[in-house]
Each structure stands twice: as structure tokens, then as C-alpha cells.
Amino acid sequence: MGAAFGLSRIRWRVRLAVGIPHVAAFGESLRDPPLSEGEEQVAEAQALVSDRFTGPVLLSELDPQIREAAGAIPGLIGGARLFVTMRGMDGLAAMLTWLMALAMAPMVDLVHAYIIHLRAANPWQAARQGLVLYGQNSRRLIVNGLAASAVVWAASLLVLLILTPPMGGLFSSFPDSVSAWSLLGAALFAWAIKSAFFDPFALAALTPIFFRLADSQTPDPEWDRAFADLSPAFRRIRNRAAAWNFEAAAFGETRG
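Just so we're aligned, residue 10 is where the sequence shown starts under the numbering used here, counting upward by one.
Source of the hints: derived by calculation from the structure; they are not laboratory data.
Don't be surprised by glycine CBs; every beta carbon is placed ideally from N, CA and C.
Among the hints, a few may not be true.
[Unchecked claim] The following label-pair restraints were derived from C-beta to C-beta distances: (1) P175 x D238: 38 to 48 Å; (2) P175 x S69: 33 to 43 Å; (3) P174 x R148: 39 to 49 Å; (4) A110 x S59: 25 to 35 Å; (5) G80 x A52: 27 to 37 Å; (6) E231 x G177: 49 to 59 Å; (7) A130 x P230: 14 to 24 Å.
When you get a sec, could you build the whole thing from the sequences and use the hints?
Dropping the structure here:
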């Protein structure tokens, strides 16, 4: 239990120091002018994150609420529930649910990028808008997400196949009980490469698509109400948005 908690805290610190600023840099690359090059870009991206989210405490509150609220989108668009009631289709429903979750994996980072992109004074309201805009465009975004995921996982599998022989050679001098872990070692290296290079590729591919859709639309109040009816996390985001600044509590209103 203690080890799991420690690992989760380390993961969060890495996400706070590297992951979210990385998201900010992707979003800002679509602006004119973009962020500076080199080390200055890291500092500018971290400053943007600090400015939009007013520190790590708020971000640590907001991030899990966005994650939980995102889980309601498959239910809002029907998801795999259409197949659940059909006899013998449970396996297909499970596969479709898994594919949908895979396609939606970058969604949380897209919402964070949108909050920064919007320059909103009220990050909870911007998160609310970002979730609704993603939801009302989710069918198209899920298709694009599946395409990006297919490329990412195909590239990751190729890396795994490339790494397996040299990892086997590396472990061949160890006892059999250790050499049996060569495939696991190759899988860990492939996963690290996926996280460092291929996942950012997927995010970079999806960010301009989401921004174009979001900038050309307004949040649909019907989607907002449906989201609130289905997701307690979205209701918490909506309540925090109203409490953040009464002047920005009206739906769709932001200040930057």
C-alpha cells in the first residue's frame, strides 16, 4: 500500500513538472508566435501552467475530476451498451469499450491544453467547457483517436520486436530464472519509448483537431445538462466553476 502511494505521488510529480507543461507547449505551438526554443520553452510552458492553474494544489484537484468526468462520455454517446442487451455479444461490447477507452486516452490532456489555450481566469469553467465541447464532438474525436492509437501501438510493437533479440542476448549470460525476464525487459523499454515519444505524437496529432472544433463552436447546453445528470464529477466541476467567480458563473462565459 505504501509503495503504491509513493509511486502514485512520484507519477503525479513527474506529470506536474513535465507532462502538463508538455501539453501546454503543444497547445502554444499552434499560436503565433509560438513558445521560444530550447530550455526557455520549458520555463515558459511551466509558467503558463502555473498561471492558468494557480499552482499545483488546484491542478491536483482538477485533474482527477476531469478524468472521472471523461468516463461518462461513452455512456452519453451510447458506447457499447447497444450490444450489451444482445445475447452473445458481451465479448464484442467489452472489446468496443476497450477500444473507446484507448481512443479517449489523450482526452484529459486535451482538456488541460484547452484550458491553457482559452486563457480563462476560471479554470473550472474552462474545464467544464472543454469537457462539453469534447463530448459534443466525441464521435469524430474518437475516430481520430483510434487512428492515432493504432499508429502508436503499431510503432510500439515494432520497437518491442526490435528490442527483444538484444535483450535476450543481454540476459543469456544469467541463470534461466533471470533470462526468462528478457521479454519483460524488452516490454518495459518499449513502454518507456511509447510514453516518451509515441504518446506525445498522438497528442500532437489530436490537439489541432480539437482546437479547430472547439474554436468554431459554443458548448451545447443540452450536453452540459446530460453530462451533469450522468457524472457526479462533472457536477463538482460545474459547482466549483460557479463558486470560483460569481461573475463567470454563467455557462459559456470566460475571462482571460
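Results for each hint:
no. : hint                    : verdict
1   : P175 x D238: 38 to 48 Å : violated (53 Å)
2   : P175 x S69: 33 to 43 Å  : holds (40 Å)
3   : P174 x R148: 39 to 49 Å : holds (42 Å)
4   : A110 x S59: 25 to 35 Å  : holds (31 Å)
5   : G80 x A52: 27 to 37 Å   : holds (34 Å)
6   : E231 x G177: 49 to 59 Å : holds (56 Å)
7   : A130 x P230: 14 to 24 Å : holds (22 Å)
The structure fails hint 1 only (numbered hints given earlier).
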